[in-house]
Each structure stands twice: as C-alpha cells, then as structure tokens.
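Engineer: Start from the sequences, fold in the hints, and give me the full structure.
What follows is the residue order along each chain.
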Amino acid sequence: MRPVQSTRDDMLARITAALVGADRTPPPEREYGATTPLPDIAVTFAERVEDYRAVVERVAPDGIPAAVAAALSLATRVVIPPGLPREWVATLDGVEVVADQGDLSSDELDRFDAVVTAAAVGIAVTGTIVLDHGPDQGRRALSLVPDVHVCVVHESQLVGDVPESIAPLRDAIDAGRPLTWISGPSATSDIELERVEGVHGPRTLHVLLVGTDHPLPPA
Amino acid sequence: MSGTFIGMPKFQTAAKEALGNSQQRRNLQHATGTIRGKRARVVEELDNWEELRQAGAAIKDNVLTHLDTYLVQLEESLTRAGATVHWAADAEEANRIVTSLVRATGAEEVVKVKSMATQEIGLNEALEEAGIHAWETDLAELIVQLGHDKPSHILVPAIHRNRAEIREIFLREMGQVGTPPPGGLTSDPRELAEAARVHLREKFLRAKVAISGANFAIAETGTLVVVESEGNGRMCLTLPETLISVVGIEKVLPRLEDLEVFMQLLPRSSTGERMNPYTSTWTGITPGDGPQDVHVVLLDNGRTDALADRVGRQALRCIRCSACLNVCPVYQRVGGHSYGSVYPGPIGAILNPQLRGTASDVDQSLPYASSLCGACGDVCPVNIEIPELLVHLRTRVVDEHRGGIPSGEQIAMKGAAWMFADHRRWEKAQKGAELSGRALGKKDTIGRLPGPLSAWSDARDAPTPPTESFRSWWKREKGDQP
Numbered sequence: 001m002r003p004v005q006s007t008r009d010d011m012l013a014r015i016t017a018a019l020v021g022a023d024r025t026p027p028p029e030r031e032y033g034a035t036t037p038l039p040d041i042a043v044t045f046a047e048r049v050e051d052y053r054a055v056v057e058r059v060a061p062d063g064i065p066a067a068v069a070a071a072l073s074l075a076t077r078v079v080i081p082p083g084l085p086r087e088w089v090a091t092l093d094g095v096e097v098v099a100d101q102g103d104l105s106s107d108e109l110d111r112f113d114a115v116v117t118a119a120a121v122g123i124a125v126t127g128t129i130v131l132d133h134g135p136d137q138g139r140r141a142l143s144l145v146p147d148v149h150v151c152v153v154h155e156s157q158l159v160g161d162v163p164e165s166i167a168p169l170r171d172a173i174d175a176g177r178p179l180t181w182i183s184g185p186s187a188t189s190d191i192e193l194e195r196v197e198g199v200h201g202p203r204t205l206h207v208l209l210v211g212t213d214h215p216l217p218p219a
Numbered sequence: 220m221s222g223t224f225i226g227m228p229k230f231q232t233a234a235k236e237a238l239g240n241s242q243q244r245r246n247l248q249h250a251t252g253t254i255r256g257k258r259a260r261v262v263e264e265l266d267n268w269e270e271l272r273q274a275g276a277a278i279k280d281n282v283l284t285h286l287d288t289y290l291v292q293l294e295e296s297l298t299r300a301g302a303t304v305h306w307a308a309d310a311e312e313a314n315r316i317v318t319s320l321v322r323a324t325g326a327e328e329v330v331k332v333k334s335m336a337t338q339e340i341g342l343n344e345a346l347e348e349a350g351i352h353a354w355e356t357d358l359a360e361l362i363v364q365l366g367h368d369k370p371s372h373i374l375v376p377a378i379h380r381n382r383a384e385i386r387e388i389f390l391r392e393m394g395q396v397g398t399p400p401p402g403g404l405t406s407d408p409r410e411l412a413e414a415a416r417v418h419l420r421e422k423f424l425r426a427k428v429a430i431s432g433a434n435f436a437i438a439e440t441g442t443l444v445v446v447e448s449e450g451n452g453r454m455c456l457t458l459p460e461t462l463i464s465v466v467g468i469e470k471v472l473p474r475l476e477d478l479e480v481f482m483q484l485l486p487r488s489s490t491g492e493r494m495n496p497y498t499s500t501w502t503g504i505t506p507g508d509g510p511q512d513v514h515v516v517l518l519d520n521g522r523t524d525a526l527a528d529r530v531g532r533q534a535l536r537c538i539r540c541s542a543c544l545n546v547c548p549v550y551q552r553v554g555g556h557s558y559g560s561v562y563p564g565p566i567g568a569i570l571n572p573q574l575r576g577t578a579s580d581v582d583q584s585l586p587y588a589s590s591l592c593g594a595c596g597d598v599c600p601v602n603i604e605i606p607e608l609l610v611h612l613r614t615r616v617v618d619e620h621r622g623g624i625p626s627g628e629q630i631a632m633k634g635a636a637w638m639f640a641d642h643r644r645w646e647k648a649q650k651g652a653e654l655s656g657r658a659l660g661k662k663d664t665i666g667r668l669p670g671p672l673s674a675w676s677d678a679r680d681a682p683t684p685p686t687e688s689f690r691s692w693w694k695r696e697k698g699d700q701p
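Residue numbers (the working numbering), protein chains in the order written: chain R, 1 to 219; chain S, 220 to 701.
Honestly, the hints are just simulated from the structure, not real lab data. We treat Cβ as the ideally placed atom computed from N, Cα and C, and that holds for glycine. Just to be clear, a hint being listed does not mean it is correct.
Stated by the list, open to error - Covered stretches of chain S, going by a simulated chain R footprint (3 or more residues, C-beta under 8 Å):
#, segment
1, 303–317
2, 357–371
3, 417–425
4, 444–450
5, 499–507
6, 522–528
Structural biologist: Quick look at the structure:
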C-alpha cells in the first residue's frame with residue numbers, strides 16, 4: 001500500500017514537477033550599481049527624517065539630557081527601556097519615569113504619554129531609524145503604544161543607504177530579535193491619497209541626532 | 220478562489236457599468252494621478268533603479284526555480300525559531316487550519332493586518348461562518364469592511380471612495396461594531412483618521428489573536444517581514460498572544476541581504492515614498508517580546524500551477540506594489556471591481572487566470588482587459604513582462620476554444636483578413652462604411668448592434684464611421700498626386 005501523502009509532501013512534489021526542465025537560475029551576483037556617495041550623511045539623514053514631518057535636532061553628547069527634557073515638556077508619564085542610559089532622563093522635572101521590567105500590560109502602556117529609546121542604525125538616504133530591540137530600545141510594544149517617541153541616534157550609527165544597513169542588523173536577527181524600521185511618525189494616505197500623520201503608532205517622532213560637532217546654532 | 224468575488228460578471232460587462240460611475244472615475248483619476256507623480260519623483264532620485272529592478276527580478280527567478288529547496292529551508296529555520304509551520308494546498312485547507320488555530324485559543328475575535336493572501340482565500344468569511352469576528356485594522360480595509368464593500372486596489376483598497384463617502388460610512392457603521400465616531404465628525408482626513416484610531420485602539424488592546432500575511436519570508440533565518448504605514452501592523456504583530464501568518468509560497472527570499480533590494484524597490488513603487496513609515500520583522504518567538512504562539516501557513520492555492528507555466532511563471536515575481544494599476548489607462552477608468560478579483564489591474568489580469576485557471580468567464584475575459592500599451596511592464600519593479608503575458612494568456616484562451624462551431628468573432632476576423640488582403644476589397648469596404656456613416660448622421664457612437672454583434676458593441680463606444688475616408692478625400696483634393 002502506498003503511504004498517504006501529506007499536503008506538505010504533495011506541495012513539494014508539485015513544485016518539483018513544475019520545475020522539470022526549468023532553467024534553474026543561480027543566485028544573482030550583486031551588481032546593481034553603487035549609489036552616489038553622500039557628502040555628509042548626517043545632513044542627509046536629518047533632512048530626510050524631517051521630510052516625514054518628524055522633529056530632528058542635532059545635539060552634542062552632553063546635550064542629550066536637556067534635549068530629552070525639552071522634547072518631553074508636555075509629558076507627565078514616561079516609560080523607558082530597562083537598558084536606557086539613566087542620565088538621559090535624569091533631569092526630567094515633575095515627570096514620572098518608569099523603567100519597563102516586561103510586566104506592563106498593553107492597557108498600562110496606553111497610559112504613558114511618551115517613550116525614550118536608543119536606536120541600532122540610521123539610514124540616511126531613506127531617513128529611517130532601525131530598532132533592533134536591544135536593552136536600550138526595549139520590547140516592541142514600548143515604542144509603539146505611547147503617543148510620543150523620543151529616539152536618540154548617534155552619528156556613528158548612521159549608514160548611507162539600505163544595503164549598508166543589513167550587515168549591522170544581522171547579529172540581532174541571528175539572535176532571534178525582531179526589528180522595527182521607522183521612517184517618520186505613523187501615517188496614512190488611504191483617504192484620497194492625502195498624507196495624514198498619526199494613525200495607530202506614535203503621532204510624534206522626535207529624533208535627537210548626537211554628534212561631537214554639535215549643537216548647530218538654532219535657526 | 221475568493222468567496223467575496225464569486226458570481227462576478229466578466230470584465231467587459233463590469234467595466235461598462237463602472238465607466239458610467241462618474242464619481243468613481245473622478246476619485247480614481249485624482250488618486251492614481253497623485254501617486255504616479257510621487258512615484259516618478261522618488262524613482263528619479265536613484266541612479267541605479269534599472270540595476271535594482273534587474274536584481275529584484277533575478278532574485279525572484281532564483282527563488283522560483285529553487286522553490287522546493289528554499290521552502291524546506293524556510294520551514295527548518297522557522298521551526299528552529301519556535302514557530303509552527305503549516306502547509307495549505309488551497310483556500311479551503313488554509314481556512315480550515317487558521318480557523319482551528321483560532322478556536323484552540325478560545326478567542327471569538329481576531330485583529331487583522333492587511334493581507335492579499337487572506338483576501339484571496341476569503342478568510343474573513345470563513346472565520347465569520349465559524350462564529351469568529353475578524354476586524355480589519357488598515358484604514359482602507361476598515362473603510363471597505365464597514366462599507367460592506369469590496370477592495371478595489373491592492374494598496375489603497377478604498378481608492379474608489381472619497382472623503383464624504385468615508386464620513387458617511389463611519390457615521391453609519393462604526394457604532395454598530397465598537398467605538399462610534401465623535402460627534403460633529405467632518406470629512407477632514409485628519410478627523411477621519413482620528414476616528415479610526417480611537418475605534419481600533421480598543422480592539423488592539425483587547426485582542427488575543429492576530430492574523431497577518433507577509434511581504435517577505437527569509438529562508439536562511441526564518442524571518443518574516445511586514446511593510447506598512449499606519450502602525451496597525453505593529454499593533455497586530457506585537458500585542459496579541461497568538462500570531463498566525465498566511466504566506467504565499469512565492470514570498471520566500473533566500474538570504475537576509477536580499478531585503479536590501481526589495482526594501483528599495485517596494486516603497487518607492489507602491490506609495491511613492493523613499494521608505495514606508497513602518498517595517499516589522501520577526502523570527503519565530505522572542506521571549507518577553509510579542510506573541511509567544513507563532514504560526515505560519517504556507518499557501519499554494521494555484522501557485523504551483525502558475526509555476527508550471529514556463530512563460531507565465533514570472534507573474535509570481537510580483538511583490539504586490541500596485542504600480543501597474545496606477546499607470547494603467549484601463550484600470551484608471553474602470554476601477555478595481557471590474558476585474559472580479561482581489562488582484563485587480565494589469566497584474567490581476569495575468570495573475571488571476573494563472574492562479575485560478577481559465578475556466579470561468581471572468582478569467583477568460585481578463586487577458587483582454589488591456590490596451591497592451593505597455594505602461595505596466597515599464598513601471599514593474601521586478602520586470603514582469605505583463606503585456607507579453609497578456610498575449611500569452613490570450614493565446615491560451617483562444618486555444619481552449621479551438622474546434623467546434625466558430626464564434627461570431629472568429630468569422631468576423633476571417634472576413635476582415637480577406638478584406639485587408641486586397642486594396643480593392645478594402646476600398647469597397649470603406650465605401651460601405653461611408654454610406655453607413657452618412658446613414659447614422661450626427662450620432663457620435665454606433666450604439667447597440669443587433670443579434671450576436673451586440674456582444675461586441677455592448678462593451679465599446681465605437682465611433683460612427685466617417686462620412687468620407689481619407690483615401691477618397693485625398694483622391695478628391697489631390698487627384699493622382701503621389
């Protein structure tokens with residue numbers, strides 16, 4: 001008697017049969033051309049993030065606490081990942097700061113006004129921040145439910161374009177961690193193709209870009 | 220395929236009706252025009268766009284011609300990462316698997332991330348039959364669901380609706396299934412989006428089970444990728460305890476590095492942005508972060524049939540960006556419903572007959588739903604030769620009708636070939652046309668033709684023949700001058 005084939009074996013057999021006589025194409029060489037080098041990736045990153053109507057500020061390393069405090073001037077309750085450098089939020093006045101221990105429910109997270117995280121990579125050409133959810137970025141729900149996201153990105157974490165971003169993210173993937181790529185605040189274009197910021201994710205994205213040559217003089 | 224679209228008329232009939240809907244034509248004209256402009260601008264920014272397209276096509280061709288190998292690798296990686304893998308041969312099997320997984324959790328409702336695969340299999344209807352409410356959470360899908368409507372575009376399913384219509388739907392329906400919209404709701408897109416935010420947040424926060432598709436599934440690592448804008452995807456993929464993803468088998472990518480090509484091609488081609496607001500990746504289960512019960516349903520549903528067609532195989536490269544819809548002069552005028560499927564526009568015209576076969580009237584008519592102008596092939600980010608495939612599928616449809624009694628069209632075409640073969644016959648035919656042109660007088664179009672000819676005239680506004688042909692005008696004005 002022939003064994004009963006499972007759907008799995010049947011599907012695989014159908015694929016193999018479909019490919020009889022097919023030219024089994026080898027994996028392509030990566031020859032899709034180099035992108036034009038950017039004169040200043042920090043400037044491009046800041047411009048492109050701003051294009052999404054996010055707030056971008058360039059600050060010196062010792063300017064982070066003051067910039068975080070200014071960005072959170074309207075917040076009363078702030079959640080932070082367990083591994084966030086505590087000095088970043090040390091100067092918050094009259095603000096309740098809770099470090100996530102992994103036990104906050106979705107409802108409890110919904111009662112925070114804002115979240116402060118670090119990032120893993122910034123992509124200049126597309127104006128994208130990538131979180132790999134390490135200890136200074138926290139689990140995914142933290143940077144999702146509160147309405148304001150203040151994200152600290154170091155210039156040393158910037159890459160030019162998408163292809164350069166993959167290598168620094170591989171370790172996180174191999175470790176089984178999720179990734180969240182963020183390009184501006186939550187947005188929709190579903191009504192007459194008109195872009196509206198703020199649907200389900202944070203409605204305000206405030207990026208602090210940290211470099212040694214800054215702050216730039218205020219405009 | 221989908222239960223949603225069963226009984227749809229063939230394209231020519233549905234298109235004729237859609238053309239008469241001037242509100243829809245205005246909405247579509249505005250929306251597709253806007254998105255075409257945005258796409259053109261961001262594609263122009265990249266000086267290696269052509270190389271990216273070639274790379275995208277080459278990666279997909281490699282995937283398709285080694286699909287058995289990569290699927291087994293994906294299954295291994297997913298299992299290693301803590302996910303449970305299921306295989307589904309068709310819509311019925313996929314729906315059965317998902318329904319039993321939801322039932323096992325005891326949940327009576329699920330939240331959904333917009334997914335073409337779950338629309339294709341009619342999952343919402345199957346869940347509803349099993350007493351499970353499926354809430355769509357993408358704004359456009361919510362508009363479609365609340366409006367008891369069908370999606371009409373791959374990326375912007377409610378593209379045929381304008382803000383005033385959306386406001387009416389929200390006011391009428393939202394309160395019946397959850398949080399009602401605030402009093403004094405206007406048709407400002409900002410206010411409408413805010414009403415959707417409040418309405419859906421309640422559902423996100425209490426949901427125990429989410430259902431998604433995936434844009435990509437990476438064989439090497441077992442990583443699934445969802446590309447979105449609103450954050451509803453992140454909500455569904457992160458907050459519930461159980462996550463079930465229905466993934467077409469052609470969505471596999473071999474390596475993590477392949478993402479670098481598609482994360483450039485997809486956002487620019489689809490929404491005309493350098494990057495979409497949110498992309499989520501997850502690799503099975505991450506302790507302490509997100510759903511701890513993760514399932515992946517690998518879906519065939521006709522894909523292996525398409526794979527077996529040497530010419531048609533390339534349709535499976537499609538990454539569902541919808542750029543071909545937005546440039547298509549036919550889609551732009553008739554809208555998505557005329558295609559009788561969840562996959563409308565040029566890609567739908569080749570994908571549906573390949574996935575479903577060409578037995579039904581709709582699928583036989585779809586390869587003809589095109590002017591063959593070629594714009595769809597030009598914008599396709601993975602170089603699918605859509606016009607060539609349309610012709611290939613027309614051949615298939617014609618071949619299937621060979622033998623038996625010749626159709627009216629076949630007789631007419633034979634007659635036309637005989638007439639065109641000789642210039643004297645052609646001139647005589649023109650004389651005849653001139654006479655009928657004069658007979659029709661001031662009418663612009665021919666209107667309904669009698670008998671079997673009505674099949675042709677019903678789908679067209681054919682202009683009346685001119686009262687004088689160019690050849691006879693030339694003879695009259697210029698005599699025998701060359």
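Engineer: Work down the list of hints and note, for each, if the structure agrees.
Structural biologist: Each hint tested on the structure:
1. 303–317: holds (count 4)
2. 357–371: With 4 residues close enough to chain R, the hint holds.
3. 417–425: holds (count 4)
4. 444–450: holds (count 3)
5. 499–507: Contact hint for the segment 499–507 of chain S vs chain R: holds, 8 residues under 8 Å.
6. 522–528: holds (count 4)
Checked against the numbered hints above, the structure violates none of them.
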